[in-house]
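Visitor: In order, the protein sequence lines correspond to chains A and B. Each residue of the first sequence is one higher than the one before, counting from 1 in the numbering used here. Each residue of the second sequence is one higher than the one before, counting from 1 in the numbering used here.
One should not assume that every hint holds.
Result set (BS3-like, lysine-lysine): computed pairs, CA atoms no more than 27 Å apart in a straight line [unchecked claim]:
{"#": "1", "chain 1": "B", "residue 1": "Lys15", "chain 2": "A", "residue 2": "Lys130"}
{"#": "2", "chain 1": "A", "residue 1": "Lys89", "chain 2": "B", "residue 2": "Lys128"}
{"#": "3", "chain 1": "B", "residue 1": "Lys345", "chain 2": "A", "residue 2": "Lys147"}
{"#": "4", "chain 1": "B", "residue 1": "Lys7", "chain 2": "A", "residue 2": "Lys138"}
{"#": "5", "chain 1": "A", "residue 1": "Lys121", "chain 2": "B", "residue 2": "Lys7"}
{"#": "6", "chain 1": "B", "residue 1": "Lys349", "chain 2": "A", "residue 2": "Lys147"}
Since the hints were derived computationally from the structure, they do not count as laboratory data. Nothing here was measured: the structure is a model prediction, and the numbers come from that model.
These are the residues of each chain, in order.
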Amino acid sequence: MIEPTNSIVCNEVFKTFGVGDSMVRALRGVNLEVRFGEMMALVGPSGCGKTTLISILAGLLQRDEGELAVLGTDPSALSNHERTIWRGKNVGFIFQQFNLIPQVSILENVAVPLLLRHHPKKDALDRAAKLLQEVGLKGRELTRPNKLSGGQQQRVAIARALVTGPRLLVCDEPTSALDGATGQMVMGLIRELTAAAERVVIVVTHDERIYHFADRIAHLDDGRVTHVSTPAEALAESAQRMGDAAKRH
Amino acid sequence: MRSIAIKMLFGDTAKFYGILLGLSFATLLIAQQASIFVGLMSRTYALIEETPQADLWVTDPTMQFVDDTKPMQVTALQRVRSVDGVSWAVPLFKGLLVAKLPSGSRQICDVVGVDDASLIGVPARMIKGDVSVLRKPDTIIIETRGARSRLAQPINPADPSGPKRPIEIGEELELNERRAVIGGIAETKPTFQNVPTIYTTYSRAIGFAPANRRTLSMILVKAAPGVSVTELRDRIARETDLAVYTPHDFAWTTITYWMTQTGIPINFGIAIALGFLVGVAIAGQMFYNFTLDNLKYFGAMKAMGATTPRLLGLVALQGAVAGVLGLGLGLGVTSIVGLAIPGDKLAFKMTWHIPVIAAAAVIFIVVASSLFSMRRVVQLDPSEVFQG
Numbered sequence: 001m002i003e004p005t006n007s008i009v010c011n012e013v014f015k016t017f018g019v020g021d022s023m024v025r026a027l028r029g030v031n032l033e034v035r036f037g038e039m040m041a042l043v044g045p046s047g048c049g050k051t052t053l054i055s056i057l058a059g060l061l062q063r064d065e066g067e068l069a070v071l072g073t074d075p076s077a078l079s080n081h082e083r084t085i086w087r088g089k090n091v092g093f094i095f096q097q098f099n100l101i102p103q104v105s106i107l108e109n110v111a112v113p114l115l116l117r118h119h120p121k122k123d124a125l126d127r128a129a130k131l132l133q134e135v136g137l138k139g140r141e142l143t144r145p146n147k148l149s150g151g152q153q154q155r156v157a158i159a160r161a162l163v164t165g166p167r168l169l170v171c172d173e174p175t176s177a178l179d180g181a182t183g184q185m186v187m188g189l190i191r192e193l194t195a196a197a198e199r200v201v202i203v204v205t206h207d208e209r210i211y212h213f214a215d216r217i218a219h220l221d222d223g224r225v226t227h228v229s230t231p232a233e234a235l236a237e238s239a240q241r242m243g244d245a246a247k248r249h
Numbered sequence: 001m002r003s004i005a006i007k008m009l010f011g012d013t014a015k016f017y018g019i020l021l022g023l024s025f026a027t028l029l030i031a032q033q034a035s036i037f038v039g040l041m042s043r044t045y046a047l048i049e050e051t052p053q054a055d056l057w058v059t060d061p062t063m064q065f066v067d068d069t070k071p072m073q074v075t076a077l078q079r080v081r082s083v084d085g086v087s088w089a090v091p092l093f094k095g096l097l098v099a100k101l102p103s104g105s106r107q108i109c110d111v112v113g114v115d116d117a118s119l120i121g122v123p124a125r126m127i128k129g130d131v132s133v134l135r136k137p138d139t140i141i142i143e144t145r146g147a148r149s150r151l152a153q154p155i156n157p158a159d160p161s162g163p164k165r166p167i168e169i170g171e172e173l174e175l176n177e178r179r180a181v182i183g184g185i186a187e188t189k190p191t192f193q194n195v196p197t198i199y200t201t202y203s204r205a206i207g208f209a210p211a212n213r214r215t216l217s218m219i220l221v222k223a224a225p226g227v228s229v230t231e232l233r234d235r236i237a238r239e240t241d242l243a244v245y246t247p248h249d250f251a252w253t254t255i256t257y258w259m260t261q262t263g264i265p266i267n268f269g270i271a272i273a274l275g276f277l278v279g280v281a282i283a284g285q286m287f288y289n290f291t292l293d294n295l296k297y298f299g300a301m302k303a304m305g306a307t308t309p310r311l312l313g314l315v316a317l318q319g320a321v322a323g324v325l326g327l328g329l330g331l332g333v334t335s336i337v338g339l340a341i342p343g344d345k346l347a348f349k350m351t352w353h354i355p356v357i358a359a360a361a362v363i364f365i366v367v368a369s370s371l372f373s374m375r376r377v378v379q380l381d382p383s384e385v386f387q388g
């Protein structure tokens, strides 16, 4: 039974790609609950199913089996068109490689999600300018993305992700293209700007240095959530693993 | 969002100019070659256009085009005049004769002999002199292009290959050893054969021509008031066994001959097809690559809630903008080339059909490359945005 106070509930979610010999079981019965107002980090080795899981949670992919509720809806039960509309209304994305359109200003980049929904242009640009101010890029609105540093570009991406006021924010390795200090700054900004009781943030990461920004850490391995821990517990586990590895060598 | 799509197109400078260049070059080749083809074809029936007074043209039945003169017996003129419904019928001589110029050199000329009494068939636009000069003995009228070029005379008679001046009124030619005095200079449409045209009276023209039992090249006919031209055409043909054409039909008969009996259409067709292929190869490929380069942004937009029709609309808009700009630029350059080169050097005639054909070709190129591009956008899996 799905708990209504949870923003995300996965119950025995399965996902398989391909058929026959080329079949890959990406998710093998994921169980996960994320509460409103929470930032949840998904961690685990490469190929463990993190990207598949956030794609299903964000309505980019459909689950094969299991129960799923994201913000009270099962996006996998929607048609392609309905899912696209649902994503536009409810989900904000922060990508590993920023995916900012290089030929237009950062102001227009931030306004893109609103313009795609036929929002009036002036209002969209006003809201984009306000978000750029919040991420500390006031005065740079007409700059093109390639004139900015990686950290600044990721701040633009954060503003773009938040411009529609989404209740689910999905961040895919948001610090992997940034140096340590910039990564901390970017995560601090995400944490600060997304703190809201009605919002949930999912962060896929390999970067242990940003664990402490999350409220909880879900550990994935071989297509399953093995356990959920606090950031402190996750860091301790990591230290333990490192120590064990050092002893073996 | 439309402005962002257009900025995406303009912002990728190398590809945008590549697309623009491809479409412009394709348009230029298609429109320029087609205009020259139409220009050349329109020159084949210049004589018909220069003689608007005639409702019908009567010729020997074996004649295939305007310059293919097959002389008829002079009695044919009386037979045509006797047909009910004919207001007037006048003779026309047309033939190529060698003229000896004042400098002593020789030049083939197209001699047109018009009715002595009415002078129907003489060019309407006289630059120097008057058509009535043809009533003076041995007089001829020449056209300006011939006067300036092939009939031009050396400034220094002792140096025939030196600088030349246009031949002038009062100077004399010899046609078949007979004196011909230039009495006027007229402005006429260029002809396909591109040799100087000499106008004189019918009787004088047959005097210039080598002796021949048959001298009547064509008969110009005017229908009586209230008489249907087509009915008169059929009646003359039935009663005389001669070929009878309206000016429109005669022009098309001439064009058809050149289209079917010569390699001209194939040569121009190849050039036009090459222009089209250049457009497909350069612009189509560039536009497809441009879309491929932007797939990750389209994927991000799809993830952010852009529906497939919305994205296809953006691709179509980009294609349409590139197409309109390429077409406009190509037609502009074609027009400038056409206007810049004098009409006697380049047969150039851009009818309204040509921009339409060029536009159709550009639309095909843009739509085809857009469809290929759109296919990739439709197949785009938004979850690919998480794959780095």
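Visitor: It remains to establish, for every hint, whether it holds in the given structure.
Guide: Results of checking the hints against the structure:
1. B:Lys15 with A:Lys130: violated, 34 Å
2. A:Lys89 with B:Lys128: Status violated; Cα separation ~81 Å.
3. B:Lys345 with A:Lys147: With Cα atoms ~53 Å apart, Lys345 (chain B) and Lys147 (chain A) exceed 27 Å; violated.
4. B:Lys7 with A:Lys138: OK: Lys7 (chain B) and Lys138 (chain A) at ~22 Å, within 27 Å.
5. A:Lys121 with B:Lys7: holds, 15 Å
6. B:Lys349 with A:Lys147: Violated - the C-alpha atoms of Lys147 (chain A) and Lys349 (chain B) are around 51 Å apart, more than 27 Å.
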